[in-house]
Each structure stands twice: as structure tokens, then as C-alpha cells.
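Protein chains: 2
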Amino acid sequence: MRKGEETRNRILDVAEAAVLQKGFGGTSIEELIVETGITKSGFFYHFKDKNELAKALLNRYIENDERIYDEIFSRARDLMDDPLQSFLLGLKLLSELVADLPNGHPGCLVATVCYYERLFDREIQETNRNAVLAWRRRFGRMFREIMEVYSPREPVDVDQLADMVSSVLEGGIVLSKTLKEPNTLAEQVLMLRTFVRMLFLPAIESPLVAVRHDQIYGTVRSGGL
Amino acid sequence: MRKGEETRNRILDVAEAAVLQKGFGGTSIEELIVETGITKSGFFYHFKDKNELAKALLNRYIENDERIYDEIFSRARDLMDDPLQSFLLGLKLLSELVADLPNGHPGCLVATVCYYERLFDREIQETNRNAVLAWRRRFGRMFREIMEVYSPREPVDVDQLADMVSSVLEGGIVLSKTLKEPNTLAEQVLMLRTFVRMLFLPAIESPLVAVRHDQIYGTVRSGGL
DNA sequence: CCCCTCCTGTACCCACGGTACAGTTTTCAG
DNA sequence: CTGAAAACTGTACCGTGGGTACAGGAGGGG
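Each protein sequence line maps, in turn, to chains A and B.
For the first sequence, this note's numbering gives the first residue as 1, with consecutive numbering after it.
For the second sequence, this note's numbering gives the first residue as 1, with consecutive numbering after it.
Note that these hints are calculated values from the structure, not bench results.
Certain hints may be false.
Because identical chains share one entry, a pair is satisfied inside a single copy or across any pair of copies.
The calculated DSBU-like cross-link candidates involving lysine-lysine, where the alpha carbons are at most 30 Å apart (straight line), are [unchecked claim]:
{"#": "1", "residue 1": "K92", "residue 2": "K3"}
{"#": "2", "residue 1": "K40", "residue 2": "K55"}
{"#": "3", "residue 1": "K48", "residue 2": "K180"}
{"#": "4", "residue 1": "K55", "residue 2": "K180"}
{"#": "5", "residue 1": "K180", "residue 2": "K3"}
{"#": "6", "residue 1": "K40", "residue 2": "K50"}
{"#": "7", "residue 1": "K92", "residue 2": "K50"}
{"#": "8", "residue 1": "K40", "residue 2": "K180"}
{"#": "9", "residue 1": "K40", "residue 2": "K3"}
{"#": "10", "residue 1": "K48", "residue 2": "K92"}
{"#": "11", "residue 1": "K92", "residue 2": "K40"}
{"#": "12", "residue 1": "K48", "residue 2": "K3"}
{"#": "13", "residue 1": "K3", "residue 2": "K50"}
Using the sequences and the hints, build the whole thing.
As C-alpha cells, this is what we get:
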């Protein structure tokens with residue numbers, strides 16, 4: 001029971017790294033069993049086929065992803081009371097986290113599945129879709145909280161704004177991987193942060209606007225983190 | 001000569017659609033020759049192996065991509081003299097273009113290659129890298145032109161700002177494909193447009209800032225396109 | 001007329017996904 | 001300690017797909 005779980009996780013670890021580098025089609029079961037140190041029969045004991053492996057891989061990835069976001073943004077929430085400042089801090093922490101990855105971000109399995117979809121069953125595609133929808137809900141919730149305190153400088157749809165976070169992350173990963181520039185992703189997260197700050201905060205170098213903002217919402221910290 | 005070129009292009013058409021849906025590893029040469037209506041020998045007459053196919057596919061895709069950007073932004077440049085207004089119009093045109101795609105955006109080959117890299121030779125990876133660098137130069141050039149006339153509300157790095165365009169496009173495609181919501185990509189492009197406008201233009205609902213801006217740069221159209 | 005481009009046909013090899021199933025070791029609960 | 005379930009190993013086999021190797025044929029231009 002315990003042992004089986006451990007082997008299964010080892011297979012998933014090896015598979016995840018391989019899939020993110022070569023895609024599902026480019027990853028052979030053969031190489032997975034060699035690197036994991038088990039036999040083919042052993043592999044098929046844990047996963048009845050490649051589709052099952054993909055399913056487990058994707059679910060594990062999404063769970064882990066959610067956990068990371070939970071940690072970062074709840075940490076930011078503990079440090080900052082204001083929803084906007086807390087979100088901006090969260091993005092800062094996120095950018096630091098991806099900047100500290102030794103070989104750059106390995107890639108996002110959601111994107112991998114997205115570019116491989118037709119070969120998987122509907123269940124996997126639904127899982128993937130729900131993962132993106134969960135991001136939308138998560139960031140949407142945070143933006144709604146922010147909008148209870150701040151009003152955006154320009155009219156924006158909350159869901160689209162929430163999707164912007166996912167877009168920049170997914171796009172940033174693609175750029176970072178393609179350019180082989182690990183810090184590009186972190187920079188993009190900070191650009192997104194600039195966008196969000198600009199959308200909700202008065203310009204830092206314009207006292208004129210700051211005053212106007214204060215008149216409406218009261219004094220808020222205008223400095224960045 | 002003429003005939004061969006045509007067959008070659010037909011293979012590339014079929015291959016492009018298949019690869020964007022299933023990835024390179026998930027696309028078999030078998031299915032390509034069936035759909036193209038040629039034999040296996042015929043296929044290998046045109047491409048000595050799958051890597052060669054990928055190379056041709058990627059080069060053609062990038063060329064076409066560049067052509068589309070050239071058209072859109074030169075068209076926008078013809079209609080608007082101001083570099084910022086012209087860029088904003090370009091993004092609007094781009095969002096309309098992707099919104100009009102019947103089945104949504106089919107996917108970006110650059111991203112597909114990015115998530116398959118290790119199985120291709122260095123040449124393809126370099127081609128891919130150069131494509132992203134070309135985007136950076138293209139949009140960077142446009143932002144530099146804008147910055148000769150407007151100064152950004154917040155300090156930003158031009159290259160990072162240029163990369164933001166690529167990020168949002170790549171990320172928007174992933175979201176759109178995964179959610180099976182074709183308009184998500186168009187919405188993300190418009191969100192990016194909001195970002196750029198907000199970065200360089202005074203808030204539309206704030207006459208105070210508009211006045212301040214006018215004092216510096218003279219009267220500009222403040223309404224959006 | 002011949003040569004070159006653009007294919008078709010056939011035959012074959014190996015890697016990989018997957019199945020089947022018999023047997024063996026490990027683990028852990030009673 | 002024991003026995004049954006869990007966690008494997010080993011072997012053999014099949015179909016598909018990537019790729020090679022040629023031999024040969026249609027069709028058009030000089």
C-alpha cells in the first residue's frame with residue numbers, strides 16, 4: 001500500500017519532467033520505466049495505459065498548482081490587510097518564486113494538454129478546462145474584493161481581468177522556455193503587477209491624481225512594494 | 001517544379017492543422033499521407049524525415065505570422081498618424097481578426113515547438129527562439145516610437161513591455177483553446193490594449209489629468225477605437 | 001528523344017504502445 | 001508466525017508508426 005503509492009509517485013515525477021520537455025507523444029513508456037527502475041509490467045500495474053498516466057499527471061499537477069497559489073496569496077493576505085496591496089504583494093512573491101527556479105519554469109502541463117488535446121478523452125479535456133476556470137474564479141474573487149475598495153481607472157470585466165493573470169503566466173512560460181531566459185517569466189509577472197497597480201492606484205509620480213483619488217476613497221498607500 | 005511545390009504545400013497544410021491539435025508526437029505520417037492523398041514514398045520525397053517537416057512547418061508558420069502583423073500594423077499606421085493611436089488601432093484590428101476565426105485560433109506553432117523542444121535539433125529551437133526575438137524587436141520598435149511622443153505613466157522596460165504583447169497572445173491562445181471559448185483570446189488582446197492605453201494616455205474619465213496631458217503633449221484624441 | 005521532376009509500389013527493420021498471463025517477492029494485518 | 005493481498009518481474013506476442021531502400025513509372029520541357 002505505502003510502497004505502491006511511492007513507486008507511483010516516482011513514475012509521475014519522472015513522467016512530468018519528460019512530458020514537459022517533449023510532450024506526451026514524445027515521451028515513451030520505455031524511457032519512464034528505465035529511469036524509474038521498474039519493469040514494463042510494473043508500469044502497467046500502476047497505470048492501465050498512457051491516458052491513465054496523463055490523467056494522474058494532470059490532476060497531480062493542478063492540485064500542486066492550486067496549493068502553491070493558496071500558499072502565496074494567503075501569505076500575502078496575512079502580511080497586508082488591504083486587498084489590493086495584498087494582491088500586489090502576492091504577484092511580487094510569485095515573481096520571486098519563479099525567478100528562483102534553478103533551470104527556469106519547467107512548463108505548464110495545462111498548456112501541454114491544450115496542445116495535445118485531441119488524443120485524450122473528454123475527461124482530461126474537461127479537467128483541463130476546469131483548471132483554467134478555477135484560476136478565473138480564484139483571481140476573479142480577488143479582483144472583486146479589490147473593487148469593493150478601489151474603483152478601476154478604466155472599466156474592465158472582472159473575469160477578463162482574472163484571465164489576464166492566467167494569460168500572462170502561460171504566455172510568460174512559453175516565452176521563457178523558448179528564449180531560454182528564465183527571468184523573462186518573472187519580468188512578465190511584474191509587468192502584470194504594474195498593470196494591476198496602475199488600474200487601481202493613482203499614478204505615483206502625479207500628485208494631482210493622487211489628491212483626486214484621496215478625495216474619493218480616502219488615503220491609501222501609494223508606494224509600491 | 002510547380003506541381004511539387006503544390007503537393008508540398010498541401011502536406012504542410014494538413015500537417016499544420018494536425019500538429020496544432022495533437023502535437024508533433026501525436027501526428028503520424030500515416031494520417032498525413034492519407035489525408036493528402038499521396039503515398040509514403042511521396043511524402044519522404046518531399047521531407048526526408050519528421051524533423052525536416054517540422055522545420056518547414058515552423059518556417060512557413062513564422063513567415064505567415066510576420067506577414068499578418070506587417071499587414072495589420074501597417075494598415076493601422078496608414079489610418080493613424082500618431083504612433084500610440086496607430087498601435088491601439090492595430091491591437092483592435094488584431095482582436096477583430098482573431099474574433100472572426102470560425103473555430104477560434106487553431107494554436108501557435110511556436111508554443112507547440114516550445115513544449116516539444118528536446119526532440120528537435122538545435123536548428124529548430126534556434127528558429128523558434130528567433131521568432132520570439134523578432135516579436136520582441138517588432139513591438140519594441142513600436143513602443144520606442146510611442147515613447148518618443150508619450151512618456152509612460154509608470155517606468156517600464158521596453159523589451160519587457162514588448163514581450164507582454166507576445167505573452168498575452170500566447171497565453172490567450174492557450175486559454176481560448178482550453179476553455180473552448182473562441183472570444184477569450186480577442187478579449188485578452190483588448191485587455192492588453194487597455195493596459196497600453198492606460199500606460200500612455202491620461203484616464204478618459206478624468207478631465208483633470210487630460211488637461212495635464214494636453215499641457216505637455218498637445219491635444220490628442222482621448223476616445224478609444 | 002531523353003532527362004528531370006514527381007511521384008507509386010513493395011518489402012523490410014526497429015521502436016513503441018499495449019495485452020496476456022504466469023510466477024515471485026514484499027508487506028502487513030490478524 | 002502465517003497467509004493473503006499488494007506490488008511487482010519475466011516472457012512472449014501483436015499492431016502501428018517512423019524510417020530505409022530501391023525499382024520503376026508518368027509527364028512535361030528542352
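Outcome of the hint check:
1. For the identical chains of this complex, K92 and K3 are neighbours neither inside a copy (39 Å) nor across copies (56 Å), given an alpha-carbon limit of 30 Å.
2. For the homomeric pair K40 and K55, the shortest alpha-carbon distance inside one copy (19 Å) is at most 30 Å, but the shortest distance between copies (34 Å) is not.
3. Taking the shortest Cα distances, K48 and K180 sit within 30 Å of each other only across copies (28 Å), while inside one copy they are farther apart (36 Å).
4. When the C-alpha separation of K55 and K180 is checked against a cutoff of 30 Å, the pair qualifies both within a copy, at 28 Å, and between copies, at 19 Å.
5. Proximity of K180 to K3 under the C-alpha cut-off of 30 Å is found in neither arrangement, the shortest distances being 37 Å within a copy and 40 Å between copies.
6. Taking CA atoms no more than 30 Å apart as the test, K40 paired with K50 passes in both settings, with 12 Å inside one copy and 27 Å between copies.
7. Within a single copy, K92 and K50 get their C-alpha atoms no closer than 38 Å, and across copies no closer than 42 Å, so neither meets the 30 Å cut-off.
8. Taking CA atoms no more than 30 Å apart as the test, K40 paired with K180 passes in neither setting, with 34 Å inside one copy and 36 Å between copies.
9. In this assembly of identical chains, K40 and K3 lie within 30 Å of each other by CA distance solely inside one copy; the values are 17 Å within and 47 Å between copies.
10. In this homomeric assembly, K48 and K92 never come within 30 Å of each other (Cα to Cα): the closest approach is 42 Å inside a single copy and 48 Å across copies.
11. In the homo-oligomer, the alpha carbons of K92 and K40 never lie at most 30 Å apart, since the shortest distance is 44 Å inside one protomer and 53 Å across protomers.
12. Proximity of K48 to K3 under the C-alpha cut-off of 30 Å is restricted to the intra-copy arrangement: shortest distance 18 Å within a copy versus 47 Å between copies.
13. Only within a single protomer do K3 and K50 lie at most 30 Å apart by alpha-carbon distance; the minimum there is 22 Å, versus 41 Å between protomers.
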